[in-house]
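> So you can see what is in the structure, the chains are spelled out below.
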Amino acid sequence: MDPGFSTDEIAPIAILMDELRSEDVQLRLNAIHSIPTIALALGPDRARQELVPFLQDSVDDEDEVLLALAEELGSFEEYIGGKEYAHVLLGPLENLSAVEETLVRDKAAESITKIAVVLSPSQLEEFYIPLLKRLSSGEWFTSRTSSAALYPAVYANVSPALQDELRKGFAALGADDTPMVRRAAAKWLGPLLKHFTPAHIVSDGLPVYRRLQSDDQDSVRLLTVEDLIVIAKSMSPGEVKEQLLKQIRGSITDKSWRVRYMAANHFNELAEAVGVEIVREELISHFVALLKDNEAEVRTAAAGQIPAFAKLLDKEVILARIVPCVRDMSTDASQHVRAALATQISGLAPLLGREPTIEHLLPLFLHLLKDDFPDVRLNIISKLETVNTVIGIEMLSENLLPAIVELAEDKSWRVRQAIIEYIPLLAKQLGKPFFDEQLGNLCMSWLGDTVFSIRESATINLKKLIEVFGLDWGKVAIVPRVMGMGTHPNYLFRMTTVQAITIIAPALNLEIVSTEILDPLLQLASDGIPNIRFNVAKALEVLGTTYGLTPEGNALLVQRIKPALDQLSKDPDADVQYFASRALKNIKV
Amino acid sequence: MEDPLSSGGWRFAQCFGDKGDIDDITEADIISTVEFDSTGNYLATGDKGGRVVLFERNEMKKGCEYKFYTEFQSHEPEFDYLKSLEIEEKINKIKWCKRQNSAHFLLSTNDKTIKLWKVFEKSLRVVSESNHHNGQHPKPPPQSASQLTLPGMAMQDNIIAAVPRKVYANAHAYHIHSISVNSDQETYISADDLRINLWNLNISDQSFNIVDIKPVNMEELTEVITSTEFHPIHCNLFMYSSSKSNIKLADMRESALCDRHAKCFEEEEDPSTRSFFSEIISSISDVKFSHDGRYILSRDYLSLKIWDINMENRPVKTIPIHDHLRGKLCDLYENDCIFDKFECVWGGDDKHVLTGSYHNYFRIYDSENLSDVVLQADKSAFKARKIGGAMPGSKLGVKNGRPGGTPFKDTMPLEALDFNKKILHASWHPRENTIAIAATNNLFLYSAA
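Each protein sequence line maps, in turn, to chains G and L. Per the working numbering, the first sequence starts with residue 1, numbered consecutively. Per the working numbering, the second sequence starts with residue 590, numbered consecutively.
Hints may be right or wrong, so weigh each one.
Pairs of lysine-lysine residues, derived as DSS-like cross-links and limited to a Cα-Cα distance of at most 25 angstroms, are as follows [claimed, not checked]: (1) G:187 <-> L:687; (2) G:133 <-> L:968; (3) L:728 <-> L:707; (4) L:852 <-> G:255.
Some chain L residues flagged as far from chain G (calculated, every beta-carbon gap over 10 angstroms) [stated by the list, open to error]: (5) 607; (6) 812; (7) 825; (8) 969.
Honestly, the hints are just simulated from the structure, not real lab data. Positions of the beta carbon are idealized from the N, C-alpha and C atoms, including for glycine.
I would like the entire structure built from these sequences, with the hints used as guidance.
Listed below in structure tokens is the structure:
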């Protein structure tokens, strides 16, 4: 009957179908993910008439199964006969959008909106809109919450009469008794408003927004900041001033710090949306207030907006209004505020130019470099490049060094690791002489750190340094010292040597490898510790695969590396044998 | 309705639990918390055995009566190997969440772990037919696509299932004594002796500490948190009571950490009554906001206090509950009863207040005209009903039946009070005059017309 499927292919599908109702969640989950296969076997008509109703009957299951089902249904229309039948899928999805698990509901709503895209206007009118109305007036808030997400997807595609209804329906959600529904309305108001005509934004959007913006629940109000940005974007600066000034002020100076936090976090988007004039007249003083907020979280969020917001201002204004705040924040009681500031402060340097940076910001950089909290220092160092281009690094280097050394010796290995990762960047800024003189030893000392991750990062760091300063420098400054550790009595140091070779060898060249590295490495192949020996095997594999492609390299491979690996493959230790034989397989002799 | 027998119209309605002799009570059966949901149609109890029992309103009956709905094991005994501590399964608190779909959601907590339970009707179905089985016998696998069938299901039974939706663990170093759901229905707080944490109901792996009164040096510890509750309307306000006889109102809008309270309700201590026990008996065991959020009810060992949220320096009313025990504090200290934590409850009308006492007595107090009713939740209550039903005064009301409330110290010799029978936990129907009283292993329900 269906020539597409042989008996052999039917059997696994039969099992898959039975597994849709398996006792085992994992099997059910797997079966749900395979419903396209089942649908193909059944053909579009049976898929539509049997499978979809069957799935609709399956919404009483574990969340993860439901989530999978919600996801699959979003792109299922091709299996049930194409677009003209896509509305059939709305049935199961409607049930899914009323379950209590937010993830499932969100996914169901997302799938419904996906389907909405392929529906024809008449399908929308006949199936989607009634569904939307049912959900919007559902008895339980779960379905009403889900419905809010469904308005933006179709608003633009329905008749003006229906648009009127949709606007009314959404307004009702915005005035719902349940905070959850109002939160959903606040969340989806922005996306919906993007489809409104300017006139409707004023006549229908603004009232909903204003109602939510003055909600009693902090959790509702904080979501309206994003709506505000959408509305402001759709209006001329004049209209914004007339219609929204009160709300803008309200959100930024809200009694709840969480709302102020949202305002602070979206400050630049807001500033861009309202236009330069309002920024100058109104927002600048609000921004200063947020930078001085009582709540550290708000100050942290505001600090994150400093450079981008400053771009909208004149240099004089930055100096007069922002820089004093920045100065205060550099001594903020909260380390998180200082850390956020440390990341952002360098962004002001290009805006101010050389002289003002030296005069106003340099002292702050130096101050923050001495901060008690390592993250602050790290953040300053991570953004040095920006400062470097404006004033040059010489101004800082004197203070930089103690800061780096201190971080390099920090108790917390994560801090040490973070600073190691910045070393190549710093090396580039500081230049070779300074580096050799001040930081070279430091980089080597990390190779002997007690924490493996640090030793590992240290070797990666060496590779990057060679890339920065060149091979000649590497040969003189790094290779001898790495190889020197190969004879250390502690096997961990010898191990570091082997691992360092594995990592930096690809950055070197054949000459250095054959003259400086290979001999000591081959000596380690007879080390007493099996761990070292199999790491030597790994290192030889890397050398072999990296350099074996040229004739000279291949000669080296045949004469030196392969015999050593042959030897290792007969090692009494099983691991050594394994890695040696793996290496022999991978190198091309 | 004026009741001549001063039971205030309160009548015994129902009693759940083993009605046998008090001597052979199983420890695990002792009820440790009781709570109506926001509609009053459901009632939950938790016990020392870690079980939660739910009751639903019996619509068949005329009055406000309840029937068993479901029971499940919420917490199991555990052992903390790191601290070498046993963690009891005892349910310390249950709080219902507002209904969001046909299922019920409630939070239950023991000393360490809070769980969000979903209780719902589930139809048990079994596969009756599949591609390999026709219900009775295996059948040959399908040979072509047209023979493929979707599994058929047969209804077997409807059960009420309880599944833990979320488990909020590892956030409390001390014992959790209170949980309270915010009016935004998205967050809740949980409190132990020294800290209060804020949770999102949907997120079980992180919480925010919003109050921390732990001193750097534990030897300097002078005060513990005893109870906490969210304001019923304003999502940003919550209060917590302390062992030092004060109630602090904190505003989450002010800052992320609520160490600085907005208001502190505290009455100056009368130096003339100071004694060794002053500090213990002034410790607040429970605080509740009235339904409109305007007043605060607090319970300490000897009294109930009603505070106006706008007046911090003294309560609007102080209702003595245990004045007759003042002379016995020494004995009560000896037998540890002085540390009993009595709960207090607002009536649905915000006018009446309820709290428990010893010998299975509990008192309902009219905060306006100062009249009170004393009832006793014990076997005599349902015996009396069996006999006539219309004689509530015989054991239910105050013995001598004088209206206006007579403290029971007059009627009952102190020596006769049974300090092992105490009413610690109670809940009041949010809309009607029905109360649920936990008396050791029994749940008593009383109603008033």
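> Against each hint, give a clear statement of whether it holds in the structure.
Comparing the hints with the structure gives:
At roughly 22 angstroms between alpha-carbon atoms, residue 187 (chain G) and residue 687 (chain L) fall within 25 angstroms of each other, so this suggested pair holds. Annotation: proposed proximity of residue 133 (chain G) to residue 968 (chain L) is violated, straight-line Cα distance about 54 angstroms (limit 25 angstroms). Between the alpha carbons of residue 728 (chain L) and residue 707 (chain L) the distance comes to roughly 39 angstroms, so the proposed pair goes past 25 angstroms and is violated. The suggested pairing of residue 852 (chain L) with residue 255 (chain G) holds, with an alpha-carbon distance near 17 angstroms, which does not exceed 25 angstroms.
Residue 607 (chain L), annotated as away from the interface, keeps every beta carbon of chain G farther than 10 angstroms; the closest lies near 35 angstroms. For residue 812 (chain L), the condition that its CB be more than 10 angstroms from all CB atoms of chain G holds, with the nearest at approximately 25 angstroms. In this structure residue 825 (chain L) is not separated from chain G by more than 10 angstroms, as the shortest Cβ-Cβ distance comes to only about 6 angstroms. With 10 angstroms as the threshold on Cβ separation, the claim that residue 969 (chain L) sits away from chain G holds: the shortest Cβ distance comes to roughly 44 angstroms.
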